[in-house]
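The listed protein sequences correspond, in order, to chains A and B.
In this text, residue positions in the first sequence follow our numbering: the first is 1, and each later residue adds one.
In this text, residue positions in the second sequence follow our numbering: the first is 306, and each later residue adds one.
Honestly, the hints are just simulated from the structure, not real lab data.
Just so you know, these numbers come straight off a predicted model, no measurement behind them.
Even for Gly, the Cβ is constructed at its ideal location relative to N, Cα and C.
Be aware that one or more of the hints could be misleading.
[As the list claims (entries may be wrong)] Here chain A is said to cover these stretches of chain B; the calculated rule only asks that three of the stretch's residues, wherever they fall, bring their Cβ under 8 Å from a Cβ of chain A: (1) 354-365; (2) 412-421; (3) 467-473; (4) 546-558.
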Amino acid sequence: MTPDLTTTVGKIQLKNPILTASGTFGYGEEYAEFYDLSALGGIILKGTTLEPREGNPPTRIAETPAGMLNAIGLQNPGIDAVITDKLPSLSRFDTAVIVNISGRTVDEYAELARRLDPVPSIAAIEVNISCPNVQHGGMQFGVDPVLIRDLVQAVRGQTTHPLVVKLSPNVTDILVMGEAAVEAGADALSAINTLLGMAIDVERRRPVLANVTGGLSGPAIRPVAVRMVWQLARELDVPIIGSGGIMTARDAVEFILAGASAVAVGTANFVDPRAALKVVHGLRDFCGTHGVSRIAELVGAVQTG
Amino acid sequence: MESLAARITRREEVAPHHITLELDCPAIAHAATPGQFVHVRVSGTDDPLLRRPISIMLRDNYRGRIEILVRAVGRGTAILSNLAPGSALDIIGPLGHGFPVPEEDSRVLLVAGGVGVAPLIFLADTLQLAEQQHYVRGLLGAATEDMLVCWQDFAGRCEAFQAATEDGTAGARGLVTELVSEQLQRGVDIVYTCGPRPMMARVAELCAEQSVPCWASLEQFMGCGVGACLGCVIPTRLQPKHRRVCKDGPVFSASEVAWEELSE
Chain A
1 MTPDLTTTVG KIQLKNPILT ASGTFGYGEE YAEFYDLSAL GGIILKGTTL EPREGNPPTR
61 IAETPAGMLN AIGLQNPGID AVITDKLPSL SRFDTAVIVN ISGRTVDEYA ELARRLDPVP
121 SIAAIEVNIS CPNVQHGGMQ FGVDPVLIRD LVQAVRGQTT HPLVVKLSPN VTDILVMGEA
181 AVEAGADALS AINTLLGMAI DVERRRPVLA NVTGGLSGPA IRPVAVRMVW QLARELDVPI
241 IGSGGIMTAR DAVEFILAGA SAVAVGTANF VDPRAALKVV HGLRDFCGTH GVSRIAELVG
301 AVQTG
Chain B
306 MESLAARITR REEVAPHHIT LELDCPAIAH AATPGQFVHV RVSGTDDPLL RRPISIMLRD
366 NYRGRIEILV RAVGRGTAIL SNLAPGSALD IIGPLGHGFP VPEEDSRVLL VAGGVGVAPL
426 IFLADTLQLA EQQHYVRGLL GAATEDMLVC WQDFAGRCEA FQAATEDGTA GARGLVTELV
486 SEQLQRGVDI VYTCGPRPMM ARVAELCAEQ SVPCWASLEQ FMGCGVGACL GCVIPTRLQP
546 KHRRVCKDGP VFSASEVAWE ELSE
């Protein structure tokens, strides 16, 4: 019997729970050379801002133990180019397309949502309040519940698309931030973005990254991410997209058991361009060998007592 | 573009901490052009995590094999350089845009520094086999004689060849860039270069002075290798300014690179 991998994240219908994390999959076309993206539950596009951005100067990437630091700095062609040049070609795939947005101000976020509102081909908007790599790229919002509330309310007022709010792990209590987002109208939460980190070249006595600090991703952060997803899912009645170092189907199941309705594969795409596809296949195998007929049965099914 | 398991068919130590690996991977060998690279996973574990971009040094189209030159500078390349023949290696390729083809019967100058010789050997090999009668001169620089890696592979594919070492143990004493002016005076239609950034920046400057087109192959820390992550950009004089080494390069027109902003 083929297991039922369909899942819902609030109002977002997915054929399976595997998405690609923002910033790790470009606008999809780079990976369409390796496989048919229709196999995925969805694609979360690279962070998009109102105006085009050059991003940070190089060096932008550093490898760390079982992980990597990045400080790309939201390089992107701007929302109008994304709507005109990127989204139309993605409609050939039978997969949910989620646009990730970032701004300097509440008004910029609201304007981004307003411009995306009439675009019918997208399944949701992911509001990035957690990018650690630009001075005004979101994280200043993501660490303050009052700002989160104002921002999400403003975005909510501009669009009928489902809103996913992507939370920062760089906080003392992620639950407070999640609650604020939900109260202001978020349909779902995305957890987690990268952890703020730093690497130093000991020969040159200089930071490896030109931006000095960057966002840590990869398997190294998975336990932190699983814990935060579990904390959110335990207390809040809101669907969660889990992410942080998912490399295999077993890693995805870990997040689902912690309470995620869907998961996003990120850094693994760099290690293996077919990583997300392999997680879809692996998830099907896992369900088969474990007698799971519907993946939705596993959401939040971890036993802690 | 392929993602596959390639078998190591030969391993050779060509200098201290420098090895060449021959890989059996017909799909990549058939598709590769000079200047392109492969993205290599050095271990099956999560640490080290990222792949390593490595230039294709030669390909044997008939046998379906490529050769790569590895300099063991860090943990990843050290693991890679210790793999034995018979091992399987997970590689993606061929990636990136290679060197543009010179016009008919061009006088070509290739300027290499250290392991930067690898893509220029592939280019020299291709030009040698081309139907057009290019006149190819090669220059190779290194700190010492034993760091003139694969110089015979390079020299054997050029009509004229000259080496330079900083300590004078082989060839001309000094920097290879000091030989470039002399070559440009003799008449050159196009220059291709790969090596340390200060070397390439100087070659670019000399070519600009003489209005000779110059193409440089660059290297950068890389995430995905396929153009998605924007981790490997370099500053250029174009708009938008930051261009991806993996997808827009690794070969760039030297006049478009903002050399003064490139860190070492």
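Comparing the hints with the structure gives:
no., hint, result
1, 354-365, "holds (count 3)"
2, 412-421, "violated (count 0)"
3, 467-473, "violated (count 0)"
4, 546-558, "holds (count 3)"
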